[in-house]
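Colleague: With the hints as your guide, set chain B onto chain A.
Residue numbers (the working numbering), protein chains in the order written: chain A, 26 to 418; chain B, 26 to 418.
A couple of the hints might just be wrong.
Note: identical chains are not told apart, hence a pair may lie in one copy or across any two.
[Unchecked claim] Calculated lysine-lysine pairs in the DSS-like style (CA-CA distance at most 30 Å, straight line):
hint: 1; residue 1: K246; residue 2: K269
hint: 2; residue 1: K157; residue 2: K382
hint: 3; residue 1: K208; residue 2: K246
hint: 4; residue 1: K269; residue 2: K126
hint: 5; residue 1: K368; residue 2: K269
hint: 6; residue 1: K324; residue 2: K246
hint: 7; residue 1: K324; residue 2: K248
hint: 8; residue 1: K208; residue 2: K324
hint: 9; residue 1: K246; residue 2: K112
hint: 10; residue 1: K382; residue 2: K324
hint: 11; residue 1: K126; residue 2: K250
hint: 12; residue 1: K248; residue 2: K163
hint: 13; residue 1: K324; residue 2: K245
hint: 14; residue 1: K112; residue 2: K250
hint: 15; residue 1: K163; residue 2: K151
hint: 16; residue 1: K246; residue 2: K181
hint: 17; residue 1: K248; residue 2: K382
hint: 18; residue 1: K112; residue 2: K248
hint: 19; residue 1: K112; residue 2: K368
hint: 20; residue 1: K112; residue 2: K269
hint: 21; residue 1: K248; residue 2: K126
hint: 22; residue 1: K382; residue 2: K250
For the record, the hints were derived by calculation from the structure and aren't laboratory data.
2 protein chains.
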Amino acid sequence: MNYSSFNPPVRTLMGPGPSDVHPRVLTAMARPTIGHLDPAFVSMMEEIKTLLQYAFQTGNSLTLPISAPGSAGMEACFVNLMEPGDKVIVCTNGVFGGRMKENIERAGGVAVIVEDAWGTPADPNKLEDMLKIHRDTKIVAFVHAETSTGVLSDAKKLAEVARRHDCLTIVDTVTSLGGSPLKVDEWGLDAVYSGSQKCLSCTPGLSPLTLSERAVDRIKKRKTKVQSWFLDLNLVMGYWGSGKRVYHHTAPINPLYGLHEALAMLQEEGLENAWMRHQQHHLALRSGLEAMGLSFLVKERSRLPQLNAVLMPEGVDDAILRSRLLNEYNLEIGAGLGALAGKVVRIGLMGYGANMKNVMYCLEALETVLADMRAPIQKGVAMNAAQSAAVLN
Amino acid sequence: MNYSSFNPPVRTLMGPGPSDVHPRVLTAMARPTIGHLDPAFVSMMEEIKTLLQYAFQTGNSLTLPISAPGSAGMEACFVNLMEPGDKVIVCTNGVFGGRMKENIERAGGVAVIVEDAWGTPADPNKLEDMLKIHRDTKIVAFVHAETSTGVLSDAKKLAEVARRHDCLTIVDTVTSLGGSPLKVDEWGLDAVYSGSQKCLSCTPGLSPLTLSERAVDRIKKRKTKVQSWFLDLNLVMGYWGSGKRVYHHTAPINPLYGLHEALAMLQEEGLENAWMRHQQHHLALRSGLEAMGLSFLVKERSRLPQLNAVLMPEGVDDAILRSRLLNEYNLEIGAGLGALAGKVVRIGLMGYGANMKNVMYCLEALETVLADMRAPIQKGVAMNAAQSAAVLN
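This is chain A alone, in the form it adopts within the complex:
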């Protein structure tokens, strides 16, 4: 055993995340580590909180990054807001709704599922009907932007319905934050989590989170302790709060440098400009894909610009396509998940990666490889010839 330094290949990341990380963020990651209680670090934490409030469009004072990936952010919302026995309605239209159900049940709650087909948005009317049946529901949970299908749901409407029935909302914005309009306060969302590695152009590993006053109030009035010590927001707030910092866990210092840089860049660009940039490059990608005869899983009106689920043409093996793009072009695109495995590929245009160079490179590479793959007869002959040659030798 003698391992040398790991030098990764330089890829173009156009899958469902991680997306291409901006060089400024990578540079920030390498700055000298300082202590997690250092006054200079504490000032930076305050800036991260303010910058996250901007990104989420909220004045919520409990706005901070959880020191772990997006799935820990999801778990933080459920274990803090729920108590054993609580009923939670989950609008499910992809992989991540299913993960929410797992979280609810593991926290001792009862999950009620409102199901919509993969590739369609969550239906507020179905939610309303279910809330009328389950009048003891405490929380409504849904995914704003489904990474598994590329669908945007109407978070504002879903939250309105939930509020009308006196429910708090838990909202997954892992793929929407920084890429699609998201207005936490205006839409009245309660517990909202995201990830660093999608439209923020940052490295994976952190989960931005924001909680409304109503949600904080629910936590303060808990009768039972939060089942996770690591994710207990009462304790996390002791460290991230604005008073005297109380040691909880050692914060991931360098990844937070990266997040700070990514958020500062988002502020420089302006949130609306970032949203528009995602949309424009999506339109450019769409034109190219349609010119190639490819089509989308999701109808135009609820299509996410940053996550394009593209239907595979008859006879094209997506695994071969993806592996050829990776090996011959250093280009990563994503596979379909669950029921969509083999049926779609997912092309991400997230954060820094939503740029014209990526769009044009992806279209060109796709077209070349697909043309090559669609010439099966010639290839077949060639392969058979090669195989025969191998046998003959």
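Modeller: Just chain B now, kept in the frame of chain A:
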């Protein structure tokens, strides 16, 4: 609001961690991000597993880094090995034993405490006595190297006692891994977690973990689901295991580059050499501290080389001392925690930070500031004069 890039001050980190990070590790953090299912990344993950097996001195196949700080590693051990109602004995001799108790109770278990004074090691005889009283105990948990006091406990003996009573062990090696002898297989430890930011010279945010076959067997025979989805090792292993990778969460790619680099460096130096280096620099620090008339909280035989709890001399305010070292010398040392607040300072010599330059710089800075602080009369006069001047103006 207009925040620019954060440029941290360049500190010397000689507190309880994070410790000074080697430039090679910082450089690795900034390498281009690739996908978490990229074949190149998967190969690197395999190397990390092998390197961690070396660091832990184990052949355990379940050896991997949890994608979150050490306190999540602790929680992973408890929530995976315990089921509701299980009785766990915790040997407590500092802050982190107390945190274990919290974890047990939040996982629905019963915690029985074997208490030793802060600054002394956990007593195997007391543990044995308690195991004779509580014959239904399932797990024994203890801290190998208490970061709050600088005490090394005899993990081998404690594990022997636990095994004699048919208990699994959960062992905190956050501060010992890479700094003090630790032999997971030889000592028969079952669930062992650590942190990246101490004697591995890496940035904070990851928690190396290893589980014995016995521990894995316990997890496989669970009757209830693990209460945390994010920390469920059945699911984590689906991603880190050696078969087909199943997506669980998005791994923190760049921090894992850093961990790989840190572990490769440990392997280059050799584990025994690293242990010896910590010991040698501790002895040099000790000589200097004793020459200044300072003494240690912990008796020599159970003193950790990498975490030196130094008693504050009469009349010295440790907060002023620490803040002067930070502000005038960019040198971070740690405060006392809990019962030791104000009574000790904690000087870390961890990983890359265990070098002669740090030892000499720390001694010189300490001596200068302490001499200055011990001249209170002159200072008092000067301050009064300044105050009078202020009043007169």
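Colleague: Take the hints in turn and mark each one as holding or not.
Modeller: Okay, the hints, checked on the actual structure:
Taking the shortest alpha-carbon separations for K246 and K269, only the intra-copy value of 23 Å comes in at or below 30 Å, while the best inter-copy value is 44 Å. For the identical chains of this complex, K157 and K382 are neighbours neither inside a copy (50 Å) nor across copies (70 Å), given an alpha-carbon limit of 30 Å. When the C-alpha separation of K208 and K246 is checked against a cutoff of 30 Å, the pair qualifies only within one copy, where the shortest distance is 26 Å, while the shortest distance between copies is 45 Å. Only between protomers do K269 and K126 lie at most 30 Å apart by alpha-carbon distance; the minimum there is 25 Å, versus 37 Å within a single protomer.
In this homomeric assembly, K368 and K269 come within 30 Å of each other (Cα to Cα) only across copies, at 20 Å, whereas the closest approach inside a single copy is 53 Å. In the homo-oligomer, the alpha carbons of K324 and K246 never lie at most 30 Å apart, since the shortest distance is 43 Å inside one protomer and 46 Å across protomers. For a Cα distance limit of 30 Å, the shortest separation of K324 from K248 qualifies neither inside one copy, at 45 Å, nor across copies, at 44 Å. Taking the shortest alpha-carbon separations for K208 and K324, only the intra-copy value of 23 Å comes in at or below 30 Å, while the best inter-copy value is 58 Å.
Taking the shortest Cα distances, K246 and K112 sit within 30 Å of each other both inside one copy (17 Å) and across copies (29 Å). Taking the shortest Cα distances, K382 and K324 sit within 30 Å of each other inside one copy (26 Å), while across copies they are farther apart (64 Å). Taking the closest pair of Cα atoms, K126 and K250 come within 30 Å of each other both inside a single copy (21 Å) and across two copies (13 Å). In the homo-oligomer, the alpha carbons of K248 and K163 lie at most 30 Å apart both inside one protomer (15 Å) and across protomers (28 Å), since each shortest distance falls under that limit.
For a Cα distance limit of 30 Å, the shortest separation of K324 from K245 qualifies neither inside one copy, at 42 Å, nor across copies, at 43 Å. For the homomeric pair K112 and K250, the shortest alpha-carbon distances inside one copy (18 Å) and between copies (19 Å) are both at most 30 Å. Within a single copy, K163 and K151 get their C-alpha atoms as close as 17 Å, which meets the 30 Å cut-off; across copies the closest is 47 Å, which misses it. Proximity of K246 to K181 under the C-alpha cut-off of 30 Å is restricted to the intra-copy arrangement: shortest distance 26 Å within a copy versus 44 Å between copies.
In this assembly of identical chains, K248 and K382 lie within 30 Å of each other by CA distance neither inside one copy nor across copies; the values are 54 Å within and 52 Å between. In the homo-oligomer, the alpha carbons of K112 and K248 lie at most 30 Å apart both inside one protomer (16 Å) and across protomers (23 Å), since each shortest distance falls under that limit. Proximity of K112 to K368 under the C-alpha cut-off of 30 Å is found in neither arrangement, the shortest distances being 34 Å within a copy and 49 Å between copies. Proximity of K112 and K269 under a CA criterion of 30 Å is satisfied in neither setting, with 36 Å inside one chain copy and 36 Å between copies.
Taking the shortest alpha-carbon separations for K248 and K126, both the intra-copy value of 22 Å and the inter-copy value of 19 Å come in at or below 30 Å. Neither within a single protomer nor between protomers do K382 and K250 lie at most 30 Å apart by alpha-carbon distance, with minima of 50 Å and 46 Å respectively.
Of the numbered hints stated above, those contradicted by the structure are hints 2, 6, 7, 13, 17, 19, 20, 22, listed in ascending order.
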